[in-house]
Amino acid sequence: MKDTLKKALIMVLVVLLAMSAFTGCGGSSAGSAGSSGSGSAGSAAAPSGGTAAADTGAKSKDFVYVSGTEALTLDPAMITDSNTGRIARQIHDVLFERVENSEIVPMLATEATEIEDGLVWNVKLVEGATFHCGEPFNAAAVKYSFERLIAPETASPKASALAGLDYVEIVNDYEVNLHLKARSLMFLGSMTNYAASIICPKCAEEHGLEGYGTHPCGTGPLKFDHWEPGIELVMTANNDYWGPKPTVDSVTFRGISEDSSRVMMVKTGDADVIAGVPPTLVENLEGDESVTIFTLPGYRTIQIGMQTERGPLSDIRVRQAITYAIDRHSIIDNVMHGMATFPSGLISTVVQYSNPDLDPHDYNPEKAKELLAEAGYPNGFSTTLMTPEGRYAMDRQVAEVVQSMLAEVGIIAEVQVRDWGSFSSIIDEGTMDLYLIGVGNSSGDAEYNFHTHYGVGGGQNYTRTNIPAMEEIRLNLGTSKDNEERRERLFKMAELLNDNFSSVPLYYEHQFFALRSDISGFKLYPNEQIKLAYLVRN
Amino acid sequence: MIKYICKRVISLLPVLIVVSMLVFLVVHLMPGDPARIIAGEMATEEDVERIRTAYGLDLPLYRQYFNYMRGVLKGDLGTSTRTHRAVSEELAIRFPKTFQLALWATFVAAVLGVGIGILSSSMRYSVLDNVVSFLALLGLATPPFYLGLMCILFFCVNLGWLPISSDVARIALILPVASVSARSLAVIARMTRSSMLEVLGQDYIMMAKAQGFSNRKVVFGCALKNAMTTVITTIGLQFGVLLGGAVVTEKVFGWPGIGDYLVTAIKARDFMVVQSTVLVIALSYVIVNLIVDLLYALINPKIKLS
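Residue numbers (our numbering), protein chains in the order written: chain U, 76 to 613; chain E, 1327 to 1632.
Hints listed in this document are in silico derivations from the structure and should not be mistaken for laboratory results.
All C-beta atoms, glycine included, are put in the ideal place defined by N, C-alpha and C.
Hints are supplied without guarantee of correctness; some may be wrong.
[Claimed, not checked] Short derived list, chain E residues pointing at chain U, Cβ under 8 angstroms:
1) Arg1450
2) Cys1482
3) Arg1542
4) Lys1543
5) Lys1593
[Claimed, not checked] Computed spacing ranges between beta-carbons, pair by pair:
6) E/Ile1613 with U/Pro211: 21 to 31 angstroms
7) E/Glu1375 with U/Gly283: 40 to 50 angstroms
8) E/Leu1464 with U/Lys320: 53 to 63 angstroms
9) E/Lys1593 with U/Pro319: 33 to 43 angstroms
10) E/Glu1371 with U/Glu202: 52 to 62 angstroms
11) U/Thr185 with E/Glu1371: 52 to 62 angstroms
12) E/Ala1623 with U/Ser365: 58 to 68 angstroms
13) U/Asp363 with E/Glu1375: 47 to 57 angstroms
14) E/Lys1593 with U/Pro440: 29 to 39 angstroms
15) E/Leu1464 with U/Gly505: 34 to 44 angstroms
16) U/Glu202 with E/Lys1593: 16 to 26 angstroms
17) E/Leu1464 with U/Ser405: 35 to 45 angstroms
[What the hints assert, rightly or not] Covered by chain U, per the in silico footprint, the following chain E stretches (three or more residues, Cβ under 8 angstroms):
18) 1352-1358
19) 1408-1421
20) 1525-1537
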């Protein structure tokens, strides 16, 4: 009996040892990755280590950036989420970028002029910029990057960013002609999208479509160092940058999906910059002197969409009633803790050419009841309200508050929570009634929203909006003689859209970043882009 | 014995095939169009169609399944639609991480759990026993994310002893292991206590005591071994479950295991990742079960392996 017990114990020990040996292996493979990681992190830190030896008072120039998800790929053509777009743009430059107030300024370009009746954009490029691998930046790189994005073989999910582009003609080394399929004044804005980043043709060919995402090479102020998926992505300063020299030595990117953990990391200094602070945790950070909050209204409008071809919702009076029944000030103050902007129409007012002076259709439950009675629903009706959960800050909670506000005027809406996968296919089929959604803008120009979200045939016109008067203007936007005339037309369209009540704009979402207070040089723009190369620890 | 192992390994094959079919079906019958999700929020119809063709999502389901299985047999677990990286490459990084966490957590839980269980059973109804029972109940009832966050708040923010999330030091294991093992520890301690009590009530224990064996000899020499079968089953089950990834703990500590990876993949309808990860989890689960079965036979020869 004793012997068998001994045997059993020995067996257990052997198995445990074998297992730990296996973890040893696993650990060492991860460990070797880890050591190479810390090794190169060490090498990344080496220059600062060198200076630190000479000047012991020097502050570390290595920074840690933590977001809710890690980067998925660094190939600009393959990115579909703004967090990854932000990270990849630290390595890559674009021809034009949007800065404060959504203004367009040249980046790798020096100027752009419309020629041949607007069917061609002539773009002059900066001279003297080089890619991280040493290759020169020139017209061929622009041609390669743009045509790669729209080529069917690339199967890029972002090909539509340059949808209007036909082909690129090289005029000389530093000048290109961009031939469009139809005249588009919005095209300049399209080129600000991260998908239109300029990549190194040589490196892209060398690594192919599969490999470029992990071997990126751009002209940006930071260059790729190494990446261990799930652990960290490290970029180092590009000291040969053609623009202002970066002030950091390295930036390490990490993904921590739990909001509270991320917030605690910036509190303890484990992180220098964190992205995506939910409104509920902002107050927690505001009390902490070691942390500064960066916030800016973004391009995203959280709205209640209405499938205008379904049941009672096809009646504009019902849609008006729903709009007047929702107290948006209360939602912004109580659910969003005041951290959202009261809307003027469906397109965020930080988007270029959006109309800031639309009728807000403010809360008026009496009017809502009257309109319902007029439409033949004096006792209200039953419907559904679909919402994703966790996709936008406080999404389900907002939907529940809307539900109770609708109940006040007699509309009984059943809240249906769906994960994004199911949600997106249901709104695509059009089998929903009311739904909560955030609508963004990838070009920074209001025209984009009209084509994509509110125009007939638009890829995301989930409400099935069809306003003939607005369509007429929309289809003729290309004939605008200049941006001023286009702005007037877009303002008129926004009015027509606002009076159609196809969606209730609830609020414009804010972007939230938190930084250690001793750090300066952080830049945040309305189009969700950031600059990390110029961080300074004071 | 060797014959038995071979038989068991062969019988694993149908299990894995059925698992692969089920997962494949579930993934592809789930509401939600993978092509649309891959294309992202701002995509147009053409973008979506182009992607559907590129990923072979326009083929009939059975052909997609055979294409997938042909790849798996060649060791190709597919490519993630989110990251465009080979799933096998990603699992090679993440599975060892999960294994490491699961092994340490099970080890801590088993050693402490069995020890506490024995102690508590041999001092039944004492103050210690009551305290242990209470703590075990607390351990079972505390959600791991809460425990994890409280650990961070106390050890990292208030005391500043440990980093919240780091891969640099072994020290980074401490908090994740603590918060993952709490639950298993409670389960194992309770199971050890109750099966020890059951065994200690048997006649042969009375007999052993009557023969004048010391208490220690009775507990460790006679009772423990007989109580071990259920305890080992429990430990095996806990280990198997942890191998499936500790989603919440991974999220809280930014631990790059397969739990969070799988959940994110499900949300993004990253079908290749879901199929292959579940397959790997199923494989590791059946292997753990096999090891547990073999351990029974070693501990109790009365259990025949046939």
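Exercise. With a cut-off of 8 angstroms on the beta carbons, see whether E/Lys1593 makes it to chain U.
Key: The hint holds - E/Lys1593 has a Cβ within 8 angstroms of chain U, the shortest such distance being about 6 angstroms.
Self-check item: C-beta pair U/Asp363, E/Glu1375: status relative to the range 47 to 57 angstroms that was hinted
Solution: holds (49 angstroms)
Practice problem: For the range 52 to 62 angstroms, tell me whether the beta carbons of U/Thr185 and E/Glu1371 fit it or not. | Solution: violated (36 angstroms)
Exercise. With chain U as the partner, please determine if E/Lys1543 meets the hint condition of a C-beta pair closer than 8 angstroms.
Key: violated (11 angstroms)
Self-check item: Residues of the stretch 1352-1358 of chain E with Cβ under 8 angstroms from chain U, three needed, outcome
Solution: holds (count 3)
Quiz item: Between E/Glu1371 and U/Glu202, does the C-beta distance stay in 52 to 62 angstroms?
Solution: Once the Cβ atoms are compared, 40 angstroms apart, the range 52 to 62 angstroms for U/Glu202 and E/Glu1371 is violated.
Quiz item: Any CB of chain U closer than 8 angstroms to the CB of E/Arg1450?
Solution: It is violated, given that the least Cβ distance between E/Arg1450 and chain U is near 23 angstroms, above 8 angstroms.
Quiz prompt | E/Ile1613 paired with U/Pro211, Cβ distance criterion 21 to 31 angstroms | solution = Violated, at about 55 angstroms.
Exercise. Count the residues of the stretch 1408-1421 of chain E whose CB lies closer than 8 angstroms to any CB of chain U, then report whether that count reaches three.
Key: holds (count 9)
Quiz item: Falls inside 58 to 68 angstroms, the C-beta gap from E/Ala1623 to U/Ser365?
Solution: Given about 59 angstroms between the Cβ atoms, the range holds.
Quiz item: Regarding E/Lys1593 and U/Pro319, is the given constraint of 33 to 43 angstroms on their beta-carbon distance met?
Solution: At roughly 39 angstroms between Cβ atoms, U/Pro319 and E/Lys1593 fall inside 33 to 43 angstroms, so the hint holds.
Quiz item: Does the hinted range 40 to 50 angstroms hold for E/Glu1375 and U/Gly283 at CB?
Solution: Violated, at about 23 angstroms.
The structure fails hints 1, 3, 4, 6, 7, 10, 11, 15, 16, 20 (numbered hints given earlier, in ascending order).
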